[in-house]
Structures are given as C-alpha cells and as structure tokens.
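The hints should help you fit chain B onto chain A, whose structure is shown.
2 protein chains.
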Amino acid sequence: MSDIPTYSDIKEAAKRIQGFAHKTPVLQSSFFNQRTGAELFFKCENFQKVGAFKFRGAFNAISQLTEDDGKKGIITHSSGNHAQAVALASKMNGYKATIVMPENAPIVKVNAVRDYGAEIVFCESTIESRQESTDQIISTTGATFIHPYNNADVIAGQGTSAKELLEEVPDLDIIIAPIGGGGLMSGTAIASKSIKPDIKVLGAEPKLADDAYRSFQAGSIQPVLRTDTIADGLRTSLGSLTFQIIKDNVDDIVTVTEESIVRDMRRVWERMKIIIEPSCAVPISALLDGEVDISGKKVGIILTGGNVDLENLPWK
Amino acid sequence: MSDIPTYSDIKEAAKRIQGFAHKTPVLQSSFFNQRTGAELFFKCENFQKVGAFKFRGAFNAISQLTEDDGKKGIITHSSGNHAQAVALASKMNGYKATIVMPENAPIVKVNAVRDYGAEIVFCESTIESRQESTDQIISTTGATFIHPYNNADVIAGQGTSAKELLEEVPDLDIIIAPIGGGGLMSGTAIASKSIKPDIKVLGAEPKLADDAYRSFQAGSIQPVLRTDTIADGLRTSLGSLTFQIIKDNVDDIVTVTEESIVRDMRRVWERMKIIIEPSCAVPISALLDGEVDISGKKVGIILTGGNVDLENLPWK
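Just so you know, the sequences run in chain order A and B.
Counting in the UniProt record's numbering, the first sequence runs from 1 upward without gaps.
Counting in the UniProt record's numbering, the second sequence runs from 1 upward without gaps.
None of these hints come from the bench; they were simulated from the model.
Positions of the beta carbon are idealized from the N, C-alpha and C atoms, including for glycine.
One or more hints might be untrue.
[What the hints assert, rightly or not] Footprint (simulated), chain A over chain B, 3 or more residues, beta carbon under 8 angstroms:
(1) 57-66
(2) 173-180
(3) 264-275
[Unchecked claim] Computed list of lysine to aspartate or glutamate pairs in DMTMM-like fashion (alpha-carbon distance at most 25 angstroms, straight line):
(4) K91/B <-> D68/A
(5) K109/B <-> E311/A
(6) K316/A <-> D232/B
(7) K91/A <-> E270/B
(8) K316/A <-> E311/B
(9) K316/A <-> E259/B
(10) K316/A <-> E270/B
(11) K316/B <-> E270/A
(12) K23/A <-> E119/B
(13) K109/B <-> E270/A
(14) K23/A <-> E39/B
(15) K109/A <-> E311/B
(16) K71/B <-> E119/B
(17) K316/B <-> D232/A
(18) K316/B <-> E311/A
(19) K23/B <-> E168/A
(20) K71/B <-> D115/B
(21) K109/A <-> E270/B
(22) K23/A <-> E259/B
(23) K91/B <-> E270/A
(24) K109/B <-> D252/B
(25) K23/B <-> E311/A
(26) K316/B <-> E259/A
(27) K23/A <-> E168/B
(28) K23/B <-> E39/A
(29) K316/B <-> D309/A
(30) K91/A <-> E39/B
Next comes chain A alone, as it looks inside the complex (with noise of 0.2 angstroms):
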C-alpha cells in the first residue's frame, strides 16, 4: 500500500492492531457541554499506548512488515510521541528500532524511547543531519523508515480512532482533530466520510503554526513558518500525501490563538481530571472560542496525547 489508503485499509488495520493498542475510551463532560451547547465526546488516546495515538499509526505499518525486512530493524527520525510508538511497537514485533534524535532533545524524551527498548542514534538538530543519519542508518543495514504521517499504513491505523468513536456514537454531527503532519487528520477523515457521508470533518491548527489552514486555502503546501507554537505535536508540515487527503476529505480548517490552548489544556486538567498535552487542547479551543457553530450538535474531538513535562506547566 503506497497510495492514499481506503476506509478498508482501516478496517484491515483495525484488525491488525486489536489486542495490542487499547480501544481507548470516549469520555463526556458537563462542564463543557454547558459551555458550548453541544454534546461532546472525547475520544481518549492520551490512554493509548505510549500515551498518544501514534501507537496505532506506527503498530498497523511494522507489524506488516515481512519477517525478513523486520529482521534488518526500523528506523524513523523524531523526538515525540512518534519516536516512542515506532520503539514500543517495534519491540512487541520483535524487531529493533533505531531512532535518530536531535542531540538537544529533552531526556524525558530520550529516556522514554530508551526504556521500550529503541537504541537512539543522536545527531545535530538540523533537518540535514538528520536526513544523513538516517540515510546512513538505512544503507548500513537495511532498516525500514517509517515516516511519523506521510505513509499510508501510518495514515490507516491512525483512522482506526474515528472508527471506533463513530461506533460507539454513531450519530456525530461533527468530528475535529488537530493537523501536525496530517496524519491523523487524514485518518480520521477518511474513517469518517466512509461511515457517515454527511459528517461535518473540521481541522484545527495553532494560529502559529497554520500551514495546513494556508495549504487549504492556497490550494498547495505551504511550509511551516514558525515552530514556537506551544503545541509542540503539531509544528511540522504537511506531506504530500496527507496534504492530498485533507484536501479532498475534510471541510473546514480553523485556527486558535496560544493562550485559548494553554487556558484549555488546564480546563480540561481541572474539569476531566485527566491529562492532555497542549496539541490536545486546539481543538477544543476551536470550539470553545465560537470558531465553529456546534450549538445542540453532536460532537467528535480526538484527544490526541497526554505526554508533558510534569516539571514544566504552561501555567506555571
């Protein structure tokens, strides 16, 4: 599978990773039902493995692999939640990661991918030495690369979280995820239209890091400018072909400002009582600051991930 993938690759990847990522929960809250007049459901994948969703995407593309191929390992460059999905995954197929990792990464990060078992390779935080490293890595030994959104087995385990959630609340209005790479919001947006064709599929995205909104609007992909957005899951940019896929399947992008995410990240942390990172909050944020007309609408949100630095809360 190389192409955009299919609401079966989907379900293929929904078998493939039954039993081995969680079937994560949908919660609802009061408080924020009141706020907005709507009836949310939030899909829980900061209670996924590894704390994020990037655990289906990564799990659904290694474990197709041939014994042969897993054999000469798995590479992939990141220093999030991504890093972490491939080296856990790796591991429960048997096989092993490699991770190049800037050498300013924060050793919370490190020492998480350490621990399920990836050996990391650093290298110097430009997008050239890592594109090295790794290209080194790959002609030594052989490794599979897999790309953290523009691969379509990533794309199709990543929609698995939409699937479940429109099985459990069939009747969603409106479904948002937030837009790093994309591909989550390719996933989601190909699950979603497959099984509710009149479904409303909404982005949202930092005001600091739009390139999907200006991508969408341009009608090409436009870079990321800046990556100081607080949340740090959502400052790269699109790839061709999540680009390809959010163009043609999702209906609106929308954007929030830094203070609406940090203000709802910590709603969320005193209202739920559970832990999200700041990409989580965006599109909360987004339908909290009237972005979106939700009033007495059902409403889908794909809580992304809870990994943050207990040392170093925004609000602090």
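Coordinates of chain B only, in the frame set by chain A:
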C-alpha cells in the same frame, strides 16, 4: 437511619443517586500491573461529580430530607471535597446550603463552593469557632447538619462506589481504600463483605496521620496527632460510627510514607494520564511498597478524588 448502615441501605442509596451521580469508570494500567505482579482495578471517583466520591454520600443524605426540613437549609463545615459535595447536592435538590469555612481556606476551594451556589460563612481557624458558627446558624434557621463521615446516610452513599466496582469486577480478591474520617472505608467494607464475604478489605493511611491504624490496634479511638501530611483528605480522626464499622469489617490497615505518596501520585499522572489528589495515592503506595501481599491477586482500589491546586504541585 441513625445506626450502622447495612448493605440494604447501600442498595437504596445506589437507587437514590442513580442519574445524579456518575457511574465512574474502572481503569487498568499495564505499568502498575507489571510493577506489582497483580491485576489492579482503579475505580475512578476523581471523575465523580465535584471531582470526588464525597458527592455520593452528600446526595444520598440530602435527597432523603423531607421538603419541610430541606427548606430550612443544609449546613456543614469543611474546606475540602465534602463542602463542594454538600453545595452541589443541595442545589440539585433545590435547597440552600451554608458552608462554614475557616477564614484562611484556600481561595480556590472557596470559589468552587461558591460556584455551586452555596453561602459561605467564615469562622476563625479553630474547632471551637467552627462549631460555634455552625451551632448558631442551626439554632436560627433549623438547618440540617450533614456530617462529613460520622453519618449513616453518608456512609451508605460512599459504599455505592465499592458496590459498582464489585459489580463490574466480581472476582476481586482484595479491595483497598484510604482512611480519613472513615466514611468511605466504612461504606466500602460493608458493601464488599456483603457482596463477597471472603474478600480482604484493607485501609491505607499516611504514617503522618495514622490515627485509624493506631485506633485499630488499640481497640479504641486514638486522635490524629499531626495534620501535616500532604494527603489533605486524610487528616481527620475517625468518628464513633466509622470506628465501630472499621473495627468489625476491615481486615487490616497499612501505612505509607510521604515520599511514597508523592512518588505514586506522580506515577499515576505520568503513566495513567489521570489527575489524582495526594490522598488517592496512599493505597497505591501501600501496594507498591510491599505492605500487602498481592502477587497474582485481583485488587480493587478506590481512587477518591482529583481536586488539586495546579499551581502548587508537590514535586516542584
């Protein structure tokens, strides 16, 4: 009902709170299972209304008042979760609540109670002043006093959490809860021993507030000697009713250090992505520190609440 509640009272309480209190979820954690070699089931009262199990008891007591009594108002003294529980349960029953709070109570607690529509009467931060203020209001208004734990209706309400847990996981070998005033522990013990007579019922306390442990050993109520444990929900002494129930129905009480409480509170945040308050971590520390032999056992843990001041986390 003014005597020791029975399981029949807990079943009645369960009917009374249905549709008003949340049926809270039961979560599992592969991290904690691996750490302990047991299978742990976390009953999430941190997701309960007002963020704590206290709502169950307060609603069960207040919803039984005659309309004549209810109209005279409800009163309690507390600066903790019971205050919020009485405030919200009164509001939901259409009654006016008055909460007597020390003038140095944290503003976040004061605001939470006010948000639920209760009137706050401030007193000096002494037991005498608190009692005097309370008595004065009762004598003028005829308001009904709802004790935070030494009240059979409150105890019966708290017991509904263990009832739900055992209905969802009927083959628990052990159930463990923290002990403050003993209301939750009492309701948990009565429900558990009635549903599954051979279950082991355990209580957990901070070493710095081990009055229940000492009372249990001595066979008579021993006062709390210090009030500086971080587990702020567990600083109170047992009441006559709760001591009697605990003496007759609890198999053992174990104690844990402050260091373990903070460590395990943080572990739950990091690994389970849910927010628990320090009191919640006390039974978990008892299990992790080997105070109880749980290898190969199924263990239920009541997570009592998630009300934490996010500006003042104990690991900063």
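Hints versus structure:
no., hint, in the structure
1, 57-66, "violated (count 0)"
2, 173-180, "violated (count 0)"
3, 264-275, "holds (count 7)"
4, K91/B <-> D68/A, "66 angstroms, violated"
5, K109/B <-> E311/A, "24 angstroms, holds"
6, K316/A <-> D232/B, "23 angstroms, holds"
7, K91/A <-> E270/B, "21 angstroms, holds"
8, K316/A <-> E311/B, "7 angstroms, holds"
9, K316/A <-> E259/B, "23 angstroms, holds"
10, K316/A <-> E270/B, "18 angstroms, holds"
11, K316/B <-> E270/A, "18 angstroms, holds"
12, K23/A <-> E119/B, "44 angstroms, violated"
13, K109/B <-> E270/A, "13 angstroms, holds"
14, K23/A <-> E39/B, "18 angstroms, holds"
15, K109/A <-> E311/B, "24 angstroms, holds"
16, K71/B <-> E119/B, "15 angstroms, holds"
17, K316/B <-> D232/A, "23 angstroms, holds"
18, K316/B <-> E311/A, "7 angstroms, holds"
19, K23/B <-> E168/A, "18 angstroms, holds"
20, K71/B <-> D115/B, "20 angstroms, holds"
21, K109/A <-> E270/B, "13 angstroms, holds"
22, K23/A <-> E259/B, "34 angstroms, violated"
23, K91/B <-> E270/A, "21 angstroms, holds"
24, K109/B <-> D252/B, "33 angstroms, violated"
25, K23/B <-> E311/A, "33 angstroms, violated"
26, K316/B <-> E259/A, "23 angstroms, holds"
27, K23/A <-> E168/B, "18 angstroms, holds"
28, K23/B <-> E39/A, "18 angstroms, holds"
29, K316/B <-> D309/A, "12 angstroms, holds"
30, K91/A <-> E39/B, "23 angstroms, holds"
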